[in-house]
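Asks: Here are the chains, one letter per residue:
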Amino acid sequence: MIVRGLAYLGWTLRVVLADIGHATRLFWQLLMCAPSCLRRFGLVRDQMHFLGNYSLAIISVSGLFVGFVLGLQGYYTLQRYGSASALGLLVALSLVRELGPVVSALLFAGRAGTSLTAEIGLMKAGEQLSAMEMMAIDPVRRILAPRFWAGVFVMPILSAVFSAVGILGGWVVGVVMIGVDSGSFWGQMQSGVDVWQDVGNGVVKSLVFGTTVSFVALRQGFEAQPTPEGVARATTRTVVLASLSVLALDFVLTALMFTI
Amino acid sequence: MSSSFAPLVVLRDLHFAYGDRPILQGVSLEVPRGKITALMGASGGGKTTVLRLIGGQYKAQSGSLLFDGQEVSQLSHEQLYAARRRMGMLFQFGALFTDISVLDNVAFPLREHTDLPEAMVRDIVLMKLEAVGLRGARDLLPSEISGGMARRVALARAIALDPELVMYDEPFAGLDPISLGTAARLIRQLNDALGLTSIIVSHDLDETFAIADQVIVLANGRIAAQGTPEEVRQSRDPLVHQFVSAEPDGPVQFHYPATGVAQDFGVQAPRGAK
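Just so you know, the sequences run in chain order A and B. When you read off a place in the first sequence, starting at 1, and then add 901, the result is the number in my numbering. When you read off a place in the second sequence, starting at 1, and then add 7, the result is the number in my numbering.
By construction, these hints were calculated from the structure, which means they are not laboratory data. Glycine included, C-beta positions come from ideal geometry on N, C-alpha and C. There's no promise every hint is true.
What the hints assert, rightly or not - Computed list of chain B residues with no C-beta within reach of chain A, every gap over 10 Å: (1) Phe12; (2) Ala89; (3) Ser186.
Stated by the list, open to error - Cβ-to-Cβ under 10 Å is the rule here; a few derived chain A residues that face chain B: (4) Ala1019; (5) Glu1020; (6) Met1024; (7) Glu1028; (8) Gln1029; (9) Ser1031; (10) Ala1032; (11) Met1033; (12) Met1036; (13) Ile1038; (14) Asp1039; (15) Val1140; (16) Leu1142.
To be verified - Which chain A residues face chain B? A few, computed with CB under 10 Å, are given here: (17) Gly1027; (18) Glu1034; (19) Met1035; (20) Ala1037; (21) Arg1043.
Same shape as in the complex, but just chain A (with noise of 0.2 Å):
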């Protein structure tokens, strides 16, 4: 009983170290990966216009409304404590520091990473990715590569678009609707909000976000079985991973930029 609880121990543990090797040994190769995309630039620029452009309608929207909802809330809030004109630098700092990075790295893993998985595990379904192999292709530097680099440069952009479009959001509702001074509230944010600490680390935030989410979900789909449920299994576990590694990696970010 003993004996055969240690094995399971065992055999756990080598999983789990052959997992993370593996892993490992994926993320090089994608970063060792760098120069030939550079070289070929358009195919991670096809696959930025692609990954981009699926997600920027999701982005904008949610931004919106994350914006009309910090306005309102923030509102009751500040006001409570008579300083509603403080209302753009509440707004401007949530998005920019947390919201903008986090909530667009969420939606782009539901949005842009599980498409990437599907269309990954698919094409190794369908022997695409081996047939490559067979024509001295790498499919890591041909395919999952432009796709990595393409992931992690979009994901500034977007979560700039998210940001921008949410302060849009709070402005609307809290200087045309509420009636909070207009010259306070973009006043207050141009004062308040600095460019290196809090625009740039929200940057650096989503620079990690990106990477972590398109390699998450090409990971996925490298490594799916190839078949239906293969495929769907890794799609599900693209958005889990993803998502939970996003939230976590944001609290350390958050703890290492913003504590010292």
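Starting from the structure of chain A, add chain B where the hints point.
Replies: This is chain B only, laid out in the frame that chain A set:
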């Protein structure tokens, strides 16, 4: 080291297993240059595995596999990819890239491996498509063509880089009689016209025997018979005989191993009654 008379592919005492399940148990064979070699045998007999081993996608547990004098399992990543450029492989269902047109599919290896101007790529692609009779289908997507056509497009793609060795994985599976004849004729024509060496993995007796120069029958991970189609047809080996005359029962049993019928259906007399 490699002369033009030495066999292009040589397997010596090759062993391969998926986990605990042995697939190949000491296979030795030679694939002569310029000829069509057919690997035959029942499904699950390790025929496709041999192709994957030659292409370096799997690694054998023991034994040696030479491609043009090079030990495939010892090649570095770069050397393996260089060797693969001299091979073409036709997958069972074509494995075309579904998001690009027929022309782009055939052009794919050319664009990846060469710096040829686009006009020349187009000309080469149209020549390859002409060879398989599909020049007119260049603008169609893989979803818009039939299974037989897809396999011919894949063939055009496999020969796009003018390989020395072309491997066909079940080229006849699931084709209608017309496409079947077309495919067989194409394989023979291309082999002779382009001076290729071909390996066909198949279990379609008639078509394969009609075009192959050498037939190798694999059974239970070993070679059961080897020779010209006529010699294999005459083989006295019970297993080969069962295969070439398509008998349902024989050394390859109709029934998957199971416990006794009586026990499974509960018709055995109760214990103690005997």
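Asks: Leu1142 of chain A was flagged as interface toward chain B. Is the shortest Cβ-Cβ separation under 10 Å?
Replies: This hint is violated: Leu1142 of chain A lies away from chain B, its Cβ roughly 26 Å from the closest one there, beyond 10 Å.
Asks: For the hint on Met1035 of chain A, just tell me whether its beta-carbon gets within less than 10 Å of chain B.
Replies: holds (4 Å)
Asks: With 10 Å as the threshold, tell me whether Phe12 of chain B passes as away from chain A on beta-carbon distances.
Replies: holds (26 Å)
Asks: Tell me if the interface restraint on Met1024 of chain A is satisfied: Cβ within less than 10 Å of some Cβ in chain B.
Replies: holds (8 Å)
Asks: Would you check whether Ala1032 of chain A satisfies its interface hint, that is, whether its CB is within less than 10 Å of any CB in chain B?
Replies: holds (4 Å)
Asks: May I ask you to test the interface hint for Gly1027 of chain A with respect to chain B, counting a Cβ-Cβ separation under 10 Å as satisfied?
Replies: Result: holds, 6 Å to nearest chain B Cβ.
Asks: Does the nearest C-beta of chain B fall within a distance shorter than 10 Å of the C-beta of Val1140 of chain A?
Replies: At 23 Å from the nearest chain B Cβ, Val1140 of chain A fails the 10 Å test, so the hint is violated.
Asks: Close enough to count: is the Cβ of Asp1039 of chain A nearer than 10 Å to one in chain B?
Replies: holds (7 Å)
Asks: Holds or violated: is there a CB of chain B closer than 10 Å to the CB of Ser1031 of chain A?
Replies: Given a least distance of 7 Å, the restraint on Ser1031 of chain A holds.
Asks: Just to be careful: measuring from the Cβ of Gln1029 of chain A to every Cβ in chain B, is the smallest value less than 10 Å?
Replies: Gln1029 of chain A check passes; min Cβ-Cβ to chain B is 5 Å, inside 10 Å.
Asks: Once the shortest beta carbon distance from Met1036 of chain A to chain B is found, is it less than 10 Å?
Replies: holds (5 Å)
Asks: The hint names Ala1019 of chain A as touching chain B; please verify it with the least Cβ-Cβ distance against 10 Å.
Replies: Nearest chain B Cβ about 13 Å off; hint violated.
Comparing the model with each numbered hint stated earlier shows that hints 2, 4, 15, 16 do not hold.
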